Amino acid sequence: MSTLDPYGLTSEQRQNRYFSEEFKRQKVSDIEKKLVSIGQVCRQYQVSKTSVTKWLNKYSPMRKKRERMVYETDSDTLKIKNMQERIKELECAVGQKQLKIDFLEKMIEIAEEDLKVDIKKKLYTKPSTGLDQIEKG
Numbered sequence: 001m002s003t004l005d006p007y008g009l010t011s012e013q014r015q016n017r018y019f020s021e022e023f024k025r026q027k028v029s030d031i032e033k034k035l036v037s038i039g040q041v042c043r044q045y046q047v048s049k050t051s052v053t054k055w056l057n058k059y060s061p062m063r064k065k066r067e068r069m070v071y072e073t074d075s076d077t078l079k080i081k082n083m084q085e086r087i088k089e090l091e092c093a094v095g096q097k098q099l100k101i102d103f104l105e106k107m108i109e110i111a112e113e114d115l116k117v118d119i120k121k122k123l124y125t126k127p128s129t130g131l132d133q134i135e136k137g
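Note that the sequence shown ends on residue 137 in my numbering; no numbers are left out.
Hints in this document: simulated from the structure, not taken from any laboratory.
Heads up, some of the hints might be wrong.
Cross-link-like lysine to aspartate or glutamate pairs, in silico, EDC-like; alpha carbons within 20 Å at most [said to hold, decoys possible]: (1) K54 <-> E22; (2) K121 <-> E105; (3) K54 <-> E32; (4) K34 <-> E22.
Distance ranges between label pairs, derived from CB positions [to be verified]: (5) Q84 <-> K121: 40 to 46 Å; (6) F103 <-> D30: 55 to 61 Å; (7) E85 <-> E21: 43 to 49 Å; (8) S37 <-> Q84: 23 to 29 Å; (9) Q26 <-> A93: 49 to 55 Å.
Since the model is a prediction, treat every value here as computed from it, not as a measurement.
Even glycine gets a Cβ: it sits at the ideal position worked out from N, Cα and C.
Based on the sequences and whatever the hints tell you, model everything.
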């Protein structure tokens, strides 16, 4: 006697099962429309993932055009959208900061011309290490 597989059928019972071409086309269409997943079709009709993949390769119009079908969960799609929005926000912030820097540099340049003083040299002094205060105290 044959052993039971994960679907509860013996090997003899599994060997005698056939699905019509119309049934296969319908399941491929359902998968492409994201009405069901490959795993759901496998569980519901007790078919191996390999068989469903063969159906996709044979009956899918997208596969015949050599287009790649990407399966991603809703959470992945949501994460990608959130990341894209965050990137837009950060790019906007960087752009605003750059405008502010350009404005301030132009203001320094104008002040240097009007006052005849090199502000940039006086502005950039060596940072204190904090040791001067300890030695004096």
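Quiz item: Falls inside 43 to 49 Å, the C-beta gap from E85 to E21?
Solution: This hint holds: roughly 45 Å between Cβ atoms.
Self-check item: Distance restraint evaluation - S37, Q84, Cβ atoms, bounds 23 to 29 Å
Solution: holds, 25 Å
Quiz item: CB of Q84 to CB of K121, is that within 40 to 46 Å?
Solution: For K121 against Q84, whose Cβ atoms are near 44 Å apart, the range 40 to 46 Å holds.
Quiz item: Is the hinted pair K34 and E22 satisfied, with a Cα-Cα distance of at most 20 Å?
Solution: holds, 18 Å
Quiz item: How does the Cβ-Cβ distance of Q26 and A93 compare with 49 to 55 Å: does it lie in that range?
Solution: Since the Cβ atoms of Q26 and A93 sit about 50 Å apart, the hinted range of 49 to 55 Å holds.
Practice problem: May I ask you to test the hint 55 to 61 Å on the CB atoms belonging to F103 and D30? | Solution: Given range 55 to 61 Å: holds, Cβ gap about 58 Å.
Practice problem: Take a quick look at whether K121 and E105 sit within 20 Å of each other, Cα to Cα. | Solution: Holds, at roughly 13 Å.
Quiz item: Are K54 and E22 close enough, with their CA atoms no more than 20 Å apart?
Solution: With Cα atoms ~15 Å apart, K54 and E22 stay inside 20 Å; holds.
Quiz item: Hey, K54 versus E32, does the alpha-carbon distance stay inside 20 Å?
Solution: holds, 14 Å
Violated hints: none; the structure is consistent with every hint.
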